[in-house]
Amino acid sequence: MRLSLTKKSILHLLLAAGAVTMILPFLWMVSTSLKPESEIFASPTWLPQVWRWGNYRAAMEAAAFGRYFLNTVLYSVLVTLSNLLLCSLAAYAFARLEFRGKNVLFVLVLATMMIPGQVTMVPVFVMLKHWPLAGGNDWLGAGGHGLLNSYPGLVLPAAVGAFGIFLLRQFFLTLPRELEDAARLDGCSEFGIYWRIILPLSKPALATLGIFTFTAAWNEFLWPLLITSKDSLKTLQIGLQVFQTQYTTRWDLLMAGTVVVTIPVLIVFLAGQKYFTRGIAMSGLKG
Amino acid sequence: MKAARHQPIAYAFLSPGLALFLVFTVIPVFAALYLSFCRYDVIHSPAWLGVRNYARLWQDITNHGVFYLSLRNTLQYAFGTIPLGLALALALALLLNARLKGMGVYRTTYYLPVVTSMVAVAMVWMWIYDPSYGLLNYLLARLSSGRITPQAWLADPGQAMAAIVAMSVWKGLGYNTVIYLAGLQGIPEHLYEAATIDGANAWQRFRRITWPLLKPTTAFILVVSVIGASQVFAQVYVMTNGGPNNATTTIVHQIFQNAFSYLKMGYASAMAFVLFALIFLLSLITLRLTRAGQVEYA
Numbered sequence: 000m001r002l003s004l005t006k007k008s009i010l011h012l013l014l015a016a017g018a019v020t021m022i023l024p025f026l027w028m029v030s031t032s033l034k035p036e037s038e039i040f041a042s043p044t045w046l047p048q049v050w051r052w053g054n055y056r057a058a059m060e061a062a063a064f065g066r067y068f069l070n071t072v073l074y075s076v077l078v079t080l081s082n083l084l085l086c087s088l089a090a091y092a093f094a095r096l097e098f099r100g101k102n103v104l105f106v107l108v109l110a111t112m113m114i115p116g117q118v119t120m121v122p123v124f125v126m127l128k129h130w131p132l133a134g135g136n137d138w139l140g141a142g143g144h145g146l147l148n149s150y151p152g153l154v155l156p157a158a159v160g161a162f163g164i165f166l167l168r169q170f171f172l173t174l175p176r177e178l179e180d181a182a183r184l185d186g187c188s189e190f191g192i193y194w195r196i197i198l199p200l201s202k203p204a205l206a207t208l209g210i211f212t213f214t215a216a217w218n219e220f221l222w223p224l225l226i227t228s229k230d231s232l233k234t235l236q237i238g239l240q241v242f243q244t245q246y247t248t249r250w251d252l253l254m255a256g257t258v259v260v261t262i263p264v265l266i267v268f269l270a271g272q273k274y275f276t277r278g279i280a281m282s283g284l285k286g
Numbered sequence: 000m001k002a003a004r005h006q007p008i009a010y011a012f013l014s015p016g017l018a019l020f021l022v023f024t025v026i027p028v029f030a031a032l033y034l035s036f037c038r039y040d041v042i043h044s045p046a047w048l049g050v051r052n053y054a055r056l057w058q059d060i061t062n063h064g065v066f067y068l069s070l071r072n073t074l075q076y077a078f079g080t081i082p083l084g085l086a087l088a089l090a091l092a093l094l095l096n097a098r099l100k101g102m103g104v105y106r107t108t109y110y111l112p113v114v115t116s117m118v119a120v121a122m123v124w125m126w127i128y129d130p131s132y133g134l135l136n137y138l139l140a141r142l143s144s145g146r147i148t149p150q151a152w153l154a155d156p157g158q159a160m161a162a163i164v165a166m167s168v169w170k171g172l173g174y175n176t177v178i179y180l181a182g183l184q185g186i187p188e189h190l191y192e193a194a195t196i197d198g199a200n201a202w203q204r205f206r207r208i209t210w211p212l213l214k215p216t217t218a219f220i221l222v223v224s225v226i227g228a229s230q231v232f233a234q235v236y237v238m239t240n241g242g243p244n245n246a247t248t249t250i251v252h253q254i255f256q257n258a259f260s261y262l263k264m265g266y267a268s269a270m271a272f273v274l275f276a277l278i279f280l281l282s283l284i285t286l287r288l289t290r291a292g293q294v295e296y297a
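Those sequence lines, one after another, are chains A and B.
The first sequence begins at 0 in numbering that gives the first Met the number 0 and counts up one residue at a time.
The second sequence begins at 0 in numbering that gives the first Met the number 0 and counts up one residue at a time.
Hints are computed from structural coordinates only; laboratory data are not their basis.
Errors might be hidden in some of the hints.
No more than 30 Å apart at the CA atoms, straight line, and that leaves these computed lysine-lysine pairs for DSS-like [what the hints assert, rightly or not]:
id	chain 1	residue 1	chain 2	residue 2
1	A	K202	A	K101
2	A	K128	B	K100
3	A	K7	A	K202
4	B	K214	A	K273
5	A	K7	B	K214
6	A	K128	A	K7
7	B	K263	A	K6
8	A	K7	B	K263
9	B	K100	A	K229
10	B	K100	A	K7
From a predicted model like this one, the values you see are computed outputs, not experimental measurements.
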């Protein structure tokens, strides 16, 4: 379809107007994060009159932000790695191996996608609290705080996902079988085939799942909110609340903190955009 | 014989993932069902109540209590965000589908709010909505030459939900747009060419080709949106904590409050199952509605 110049201009005008609406809150966030407090409580200006780079240091020092950052990185990386490994292992079995109960198990895994996390959240919390022999608990799970406020408590409930298994199984099914058959004849083990043939061929699908899982974990709010009360375990999303008290909000520092929370995930998105949109399209097309 | 060939090794591949599913999803679902018939405060062991938690929820609904409000607000949120979000995403996808220079940049820009965390976005919008120093009131006053007086937004029971809806539509727009774009790219070009030759105008092409062929995409977006809207929580928790005067409390916000602030974990579990049923029902209705009149062009 060829468009006339007028139509092209109108199109660009509409899209640009929308794009400005999308980007403006981000610019406002950055601008606020660099203003002194006197400018924040004054008539708004787009750019700071005095650029207060020190807001960032002040924000980082207002709370254990370094620790929150480290916790968030650790949580996101561990959840991503475990999802890549565990989902691909299960997906390999569902895509390539024959065993009794295969279809029933696969349907059951998919069915768990329908259960809202809020249903299981209370029992999982209780279970983690009463985890035997952890966090000062005895073997009956009494006496201590269990896995609350611990990395395993944060990571384990998110360590595998039905969507990831489904996505990878669908991808594995599209791979040609010839290479594996040859390898099998040469006496290669199933794990060898999975590790040395299937996984290297599945880099695009693994990248998609990895980026999805990483950003979801980085942005996760509800679970870390429930499971962490100690500063040493909190993630960034929870830590941002230190700038809000019942009576005042330090908007300058809060916006500096929000910038710090947002930048890593934007970098991951911009670097892996290709896999991102492909993943969304994949999840959309199955519907 | 063939079916049994891989059995032991297959279970070895499956067991780590399935064990986690069993411990963190399957068992908790049954535990939650049991708890929903109990009084449980974490400290004392669960005490069997029969259906009393569910009866209390029913009473709350008929007496227009807090749970009723949370149901009403969640539906308001759903009806506020879904039709608007869908229409805007479709319009945007149609614009972005034109093959022009610079489309990649637009696409990236529209997607930025989607990858940003809800907490960060909610904080920024709280600042934009600030009654005294917020950007929104300032811009409205400027654009109307002072005729629009500063609004309280999140602090006004009549406006708070609308403010949350507007922010959420802004945040989710890029996601729906990308799905619509994928759907649009699946429509074969020759259908449009044939229709143009037959003298169909742009509206007719949209009405007879684009819209009907996008039905599966629309159905998918609707179901995902219904599930998402039913579970709205983070923005409410951050921006208003359910206030003012319960004007923005939602089902998940009530589950959270009851379970972890009031330690009424049995009552909260009953709410969670009501939510489960609601999501199931709404998804089913959506699928039924969108499946009617589906077309295919060979």
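- Keeping to a limit of 30 Å between CA atoms, is the pair of A:K7 and B:K214 held or broken? holds (28 Å)
- Query: Regarding the pair A:K128 and A:K7, is the alpha-carbon distance no greater than 30 Å?
  - Reply: Given pair A:K128, A:K7 is violated - Cα atoms ~60 Å apart, limit 30 Å.
- Query: Are the Cα positions of B:K214 and A:K273 separated by 30 Å at most?
  - Reply: Answer holds: B:K214 to A:K273 is near 25 Å, not above 30 Å.
- Message: A:K202 and A:K101 were given as a pair; does the straight-line alpha-carbon distance stay at or below 30 Å?
- Response: holds (25 Å)
- Taking only the CA atoms, is the gap from B:K263 to A:K6 under or equal to 30 Å? With Cα atoms ~60 Å apart, B:K263 and A:K6 exceed 30 Å; violated.
- Between A:K7 and A:K202, does the CA-CA distance stay at or below 30 Å? violated (38 Å)
- When you check the alpha-carbon spacing of A:K128 and B:K100, does it fall within 30 Å? violated (56 Å)
- Task: For the pair we were handed, A:K7 and B:K263, check the Cα-Cα distance against 30 Å.
- Result: violated (59 Å)
- Query: Given the hint that B:K100 pairs with A:K229, does the C-alpha gap stay at or below 30 Å?
  - Reply: violated (50 Å)
- Hinted pair B:K100 and A:K7, Cα distance within 30 Å: holds (10 Å)
Checked against the numbered hints above, the structure breaks hints 2, 3, 6, 7, 8 and 9 and satisfies the rest.
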